[in-house]
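Given only the sequences and the hints, what does the whole structure look like? Please build it.
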Amino acid sequence: MPGQGGGEPPMSFLTLLRKEMGMLGRNRVLYLFLAVIFVFYWTNYATEESWSEGKAPAPPVEITEKALAMDGETGDGGGSQGVPPMPVYGFQKATDPEFLAERYLSMLKNDLQRGWMEQRIIFGAFSGKRKLSQSDREHMKESMSRLQEVVKEPSAYTGIEVLQMAADLDSHLGGWTSYMRDGVSFMEPIETFEDAMNMYAASLDEYEKRVADNGIYAGMARLFSDYMGLTAGLFPVFLGAFMMGRDRSSGMMELVSSRSIKAWRYVGARYLAHAIIISFLYLLLAAVGAWQTSGALEEAGTFGDALPIFLSYTSGWLLPTILVTLAFGLLISMAVGNGIIAIPLQIVWWFISALPLIGDYRFFKLFLRFNTGAEQETFYRYENAIIANRIFYVLLAVAMVAAAVMIWERKRSSGKGAKIGFGFRRRQAGRLVKNGSEG
Amino acid sequence: MSAPLSAVPFSLRRGEGAAALLIWNLRLLAGPLWLLSFLIVIVLSLFCNPSLMGAVDAAYWGERFVALLSLLLLPPLALLEAGGIGEGLLSKKQRHETVFVCRWLISAAWLAVLTALFYGGAALMGADFELPLIPGVFMTGLALGSVALLAAILLGGLSGGYIVVFAWYLLDWMTKGKWTGQLYLFSMSDGTWNTDKLWLLVLALLCLAVSAWLLPRLIKKRAF
Numbered sequence: 001m002p003g004q005g006g007g008e009p010p011m012s013f014l015t016l017l018r019k020e021m022g023m024l025g026r027n028r029v030l031y032l033f034l035a036v037i038f039v040f041y042w043t044n045y046a047t048e049e050s051w052s053e054g055k056a057p058a059p060p061v062e063i064t065e066k067a068l069a070m071d072g073e074t075g076d077g078g079g080s081q082g083v084p085p086m087p088v089y090g091f092q093k094a095t096d097p098e099f100l101a102e103r104y105l106s107m108l109k110n111d112l113q114r115g116w117m118e119q120r121i122i123f124g125a126f127s128g129k130r131k132l133s134q135s136d137r138e139h140m141k142e143s144m145s146r147l148q149e150v151v152k153e154p155s156a157y158t159g160i161e162v163l164q165m166a167a168d169l170d171s172h173l174g175g176w177t178s179y180m181r182d183g184v185s186f187m188e189p190i191e192t193f194e195d196a197m198n199m200y201a202a203s204l205d206e207y208e209k210r211v212a213d214n215g216i217y218a219g220m221a222r223l224f225s226d227y228m229g230l231t232a233g234l235f236p237v238f239l240g241a242f243m244m245g246r247d248r249s250s251g252m253m254e255l256v257s258s259r260s261i262k263a264w265r266y267v268g269a270r271y272l273a274h275a276i277i278i279s280f281l282y283l284l285l286a287a288v289g290a291w292q293t294s295g296a297l298e299e300a301g302t303f304g305d306a307l308p309i310f311l312s313y314t315s316g317w318l319l320p321t322i323l324v325t326l327a328f329g330l331l332i333s334m335a336v337g338n339g340i341i342a343i344p345l346q347i348v349w350w351f352i353s354a355l356p357l358i359g360d361y362r363f364f365k366l367f368l369r370f371n372t373g374a375e376q377e378t379f380y381r382y383e384n385a386i387i388a389n390r391i392f393y394v395l396l397a398v399a400m401v402a403a404a405v406m407i408w409e410r411k412r413s414s415g416k417g418a419k420i421g422f423g424f425r426r427r428q429a430g431r432l433v434k435n436g437s438e439g
Numbered sequence: 001m002s003a004p005l006s007a008v009p010f011s012l013r014r015g016e017g018a019a020a021l022l023i024w025n026l027r028l029l030a031g032p033l034w035l036l037s038f039l040i041v042i043v044l045s046l047f048c049n050p051s052l053m054g055a056v057d058a059a060y061w062g063e064r065f066v067a068l069l070s071l072l073l074l075p076p077l078a079l080l081e082a083g084g085i086g087e088g089l090l091s092k093k094q095r096h097e098t099v100f101v102c103r104w105l106i107s108a109a110w111l112a113v114l115t116a117l118f119y120g121g122a123a124l125m126g127a128d129f130e131l132p133l134i135p136g137v138f139m140t141g142l143a144l145g146s147v148a149l150l151a152a153i154l155l156g157g158l159s160g161g162y163i164v165v166f167a168w169y170l171l172d173w174m175t176k177g178k179w180t181g182q183l184y185l186f187s188m189s190d191g192t193w194n195t196d197k198l199w200l201l202v203l204a205l206l207c208l209a210v211s212a213w214l215l216p217r218l219i220k221k222r223a224f
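In order, the protein sequences belong to chains A and B.
Be aware that the first sequence starts at 1, since it is given in the numbering used here, and climbs by one per residue.
Be aware that the second sequence starts at 1, since it is given in the numbering used here, and climbs by one per residue.
Wrong hints could be hidden among the right ones.
Said to hold, decoys possible - Far from chain A by the CB rule (all over 12 Å, computed), these chain B residues:
(1) P50
(2) D190
(3) T192
(4) T195
(5) D196
(6) L203
Claimed, not checked - Pairs of lysine-lysine residues, derived as BS3-like cross-links and limited to a Cα-Cα distance of at most 30 Å, are as follows:
(7) K93(A) with K220(B)
(8) K129(A) with K221(B)
(9) K176(B) with K129(A)
(10) K220(B) with K19(A)
(11) K55(A) with K178(B)
(12) K141(A) with K152(A)
(13) K93(A) with K152(A)
(14) K221(B) with K19(A)
(15) K221(B) with K93(A)
(16) K176(B) with K55(A)
Claimed, not checked - What follows is a list of derived Cβ distance ranges for each label pair:
(17) G17(B) with V394(A): 39 to 45 Å
(18) T192(B) with R246(A): 25 to 31 Å
(19) E142(A) with G54(B): 45 to 51 Å
(20) A202(A) with W179(B): 46 to 52 Å
(21) T95(A) with G54(B): 30 to 36 Å
(22) W179(B) with M197(A): 35 to 41 Å
(23) L214(B) with A403(A): 58 to 64 Å
(24) N198(A) with G54(B): 53 to 59 Å
(25) A202(A) with L35(B): 30 to 36 Å
No lab work stands behind these hints, which were simulated from the structure alone.
Even glycine gets a Cβ: it sits at the ideal position worked out from N, Cα and C.
So, in structure tokens, the structure goes:
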């Protein structure tokens, strides 16, 4: 019976874990991994654009007609050298029901005219197009008549109601179309100084609420987690998928298979060693993030204030993603005997989770997007869904590791240990040796 | 039914010459990952709805997804000799550099077939594109795969190769080539065809040359 060989007593789980961590600590790939996540941190999070999300908004500067004339611009923002017209005070997200209804009407007319629409495929993972069916056309026409009512009497509707009409149409069309909530962001020009001041007042109000709730660093920690989640949902799979292949490539599989060690202890220790070390790297990066953020946003508090917030967000937001990504790589490599197969599957899962940038936290989302340091109220609205998602992923990781342990044990018991991890079958090895046998 | 032995050239039967080298390595490489890459092309063709595809859409699917198939084909070449058979391989008359280049060429040829299959199928199903997408996507794939291959050789494991190449891929995806300049992967998706793709080809060939030089030396080092 396998697992009965070997005269020495089996190593304790902790000893094995320590050995695995030591071995991983000497692996150059781990340092490459650290370098890569640091590059992503540096190029995506640690930027002026991110810091601006944690700072008080700047008040608009009134631009007089004289100043406009000196700049060669017009009140419509028309540039002098063929530059597209730009409003003087920029743009804001549209909330005017008439404006929104007109934009949706224009989109619907366009889609009906060309006979197809944009519709993302496979849970929104990939962009795509679809021809309109008769039923699609009917739903679109019905929505158009509702939107025309809005244009006729805009005061009877709110912007939110118009967005909901579009969202209803999206569900009739099968979801993931341009009509979904936040499928398209309509921006309207800010034409007057008064409008600019109103927008500034709203932004300042949101910012002050965050300050009053000590929410500046929490917002920045969410933004940090958002960017780093993109890496946590992909890169650990490359370690997870090949972690058991080491035994095969070093010719140790037969020896390991004959030792009296329990499968959960052997596979579990290796998985846990990877999970602990990778989590530690992300927590380290969170500490760097807290340090740099507190340097950029001095008015929000000290490094001591930022650090616990960054660490707790990273633990709750990112670590479940790391655990599952690692476990998925391990499980697939165990199940099919080839770690490479896990990679295309992981890529699909990654794409499914990457969009939208905010507001979708269903259970199939491997990592959670919240691509802003502001919008605290939005976060509170989704908080329960986010927590439920994260708990689900921790449990999923445990289930995946348990399944991987069972498969490992079954393969060991059936004498198919050589198929564990990235291994070639004997026939292929025979071909290799025979290959170029001109010698 | 197999052909009578007399019909097979003597040199081939003895396993000599370029044809034998190609055939043996083709048999070695044409495995489950080749089949998987073929199935992925079929699935992509079904999902991308070619009848509504213009040049930019076609480039998007090619550069972002079809090019990634090279990662199923090229990086595993780094570890074909893993498992302690180095001594046997290095005692052969045929130089291992030649064997390695032969394998790379076979894998590259399969990548070219897959790319042509994807775009050929798309064109048949009504896709409308004029840009020279097939060579562009092929060069993109070749660069991704060859960089992953070299990194896997240097780091002694596939995980290192994949980490390097996906860092490049994601960085380009998120920053639109801000950090990679002429080695930007998705230029055709932006609607432009320029000589940048040739830089990717040069990079792929450079990686091939370094890998072919390095791999036998590393095998020798590990074997003795």
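Hint check:
| no. | hint | result |
| --- | --- | --- |
| 1 | P50 | violated (10 Å) |
| 2 | D190 | holds (15 Å) |
| 3 | T192 | holds (19 Å) |
| 4 | T195 | holds (26 Å) |
| 5 | D196 | holds (20 Å) |
| 6 | L203 | holds (19 Å) |
| 7 | K93(A) with K220(B) | violated (63 Å) |
| 8 | K129(A) with K221(B) | violated (53 Å) |
| 9 | K176(B) with K129(A) | holds (23 Å) |
| 10 | K220(B) with K19(A) | holds (28 Å) |
| 11 | K55(A) with K178(B) | holds (26 Å) |
| 12 | K141(A) with K152(A) | holds (17 Å) |
| 13 | K93(A) with K152(A) | holds (22 Å) |
| 14 | K221(B) with K19(A) | holds (26 Å) |
| 15 | K221(B) with K93(A) | violated (62 Å) |
| 16 | K176(B) with K55(A) | holds (27 Å) |
| 17 | G17(B) with V394(A): 39 to 45 Å | violated (58 Å) |
| 18 | T192(B) with R246(A): 25 to 31 Å | violated (44 Å) |
| 19 | E142(A) with G54(B): 45 to 51 Å | violated (29 Å) |
| 20 | A202(A) with W179(B): 46 to 52 Å | violated (35 Å) |
| 21 | T95(A) with G54(B): 30 to 36 Å | holds (34 Å) |
| 22 | W179(B) with M197(A): 35 to 41 Å | holds (39 Å) |
| 23 | L214(B) with A403(A): 58 to 64 Å | violated (38 Å) |
| 24 | N198(A) with G54(B): 53 to 59 Å | violated (41 Å) |
| 25 | A202(A) with L35(B): 30 to 36 Å | violated (57 Å) |
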